[in-house]
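Here is how the chains run, residue by residue.
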Amino acid sequence: MQILFMILAAIALSSGVLVVFQRHPLRSALYLILNFFAVAGMYLLAHAEFIAAVQIIVYAGAIMVLFLFVIMLLNLRQPEEEAKPPHILQKISGITLAVFVALLLIYGFTQAKLPAPGKEAAAGLGNTEAIARALFTDYLLPFEVTSVLLLVAIVGAVVLAKQKLK
Amino acid sequence: MVVPLEYYLGVSVALFSLGVIGVLVRRNVLVILMCVEMMLNAVNLAFIGFADYFKAVDGQMFVFFVMTVAAAEVAVGLALVVAIFRNRATVYVDDLNLLKW
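The listed protein sequences correspond, in order, to chains Y and E. Heads up: the first sequence runs through residues 1 to 166, numbered per the working numbering. Heads up: the second sequence runs through residues 1 to 101, numbered per the working numbering.
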């Protein structure tokens with residue numbers, strides 16, 4: 001199981017590096033889909049089957065299709081002739097900042113005193129059932145607010161992308 | 001047998017830092033949006049790792065809500081990109097300096 005996790009982590013990290021350092025946004029998007037699939041595999045290893053399925057359907061399915069659609073809609077033919085390549089100082093400072101963020105996170109995680117791990121959940125209740133039960137009892141209000149958020153996003157996207165506002 | 005929490009946190013930190021690098025270094029606004037997605041995904045991974053560690057379903061609930069917000073963010077963000085491209089014919093953040101003081 002740990003070996004499987006290592007393989008998935010290697011796939012996720014290498015595809016993540018390729019997302020960042022590919023020239024063409026289309027290739028970045030395709031590697032990001034691979035990244036999402038690897039992360040979905042890690043969710044499966046963490047006994048989160050429902051979230052893994054939602055990850056593939058929503059992220060790899062819906063969101064990345066939207067990305068690819070927009071990339072092809074804008075039809076960026078010449079990705080090679082970027083107007084100005086990023087200044088070398090900007091690259092260095094960006095990577096330094098990211099490394100600093102990583103060190104800060106690692107420091108925080110190592111300093112944190114975690115409570116003892118939880119007991120094994122009661123048997124007979126699958127992952128999806130447990131999520132459904134929590135979603136419609138403890139998290140009912142956030143769940144309903146989520147639908148309003150999605151409605152607002154739909155309306156906002158349509159208004160923004162419309163040809164001309166009257 | 002089970003995967004320890006540290007592995008999840010390590011991969012999460014690495015993915016998040018990669019996303020930070022992408023946001024800071026890349027100029028294409030589409031790639032920047034993708035890197036933001038990758039950072040959200042890294043946080044989701046940490047949530048799932050903790051949910052597995054505590055054997056609680058609440059972490060998975062948060063991932064569910066983060067995914068919803070990510071979907072909304074991508075819809076609005078890409079609509080903004082299309083609108084900007086229609087007006088300025090560019091997707092490079094260098095050329096979008098209208099609000100730069």
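Keep in mind that a hint or two might mislead.
Simulated crosslink set (DSS-like; lysine-lysine; CA at most 27 angstroms straight-line) [what the hints assert, rightly or not]:
1) Y:Lys91 x E:Lys55
2) E:Lys100 x Y:Lys119
3) E:Lys55 x Y:Lys113
4) Y:Lys162 x E:Lys100
Estimated spans, in silico, between C-beta atoms of each pair [what the hints assert, rightly or not]:
5) E:Val66 x Y:Thr137: 15 to 25 angstroms
6) E:Leu99 x Y:Val155: 22 to 32 angstroms
7) Y:Thr137 x E:Asp94: 45 to 55 angstroms
8) Y:Pro117 x E:Asp94: 42 to 52 angstroms
Keep in mind the hints are simulated off the structure, nothing from the lab. No experiment lies behind these values; they were computed from the predicted model shown. Glycine residues also receive a C-beta, built at the ideal position from the N, C-alpha and C atoms.
Verification of the hints:
{"no.": "1", "hint": "Y:Lys91 x E:Lys55", "result": "violated, 41 angstroms"}
{"no.": "2", "hint": "E:Lys100 x Y:Lys119", "result": "violated, 53 angstroms"}
{"no.": "3", "hint": "E:Lys55 x Y:Lys113", "result": "holds, 17 angstroms"}
{"no.": "4", "hint": "Y:Lys162 x E:Lys100", "result": "holds, 26 angstroms"}
{"no.": "5", "hint": "E:Val66 x Y:Thr137: 15 to 25 angstroms", "result": "holds, 20 angstroms"}
{"no.": "6", "hint": "E:Leu99 x Y:Val155: 22 to 32 angstroms", "result": "holds, 24 angstroms"}
{"no.": "7", "hint": "Y:Thr137 x E:Asp94: 45 to 55 angstroms", "result": "holds, 50 angstroms"}
{"no.": "8", "hint": "Y:Pro117 x E:Asp94: 42 to 52 angstroms", "result": "holds, 48 angstroms"}
Of the numbered hints given earlier, the model fails hints 1 and 2; all others are met.
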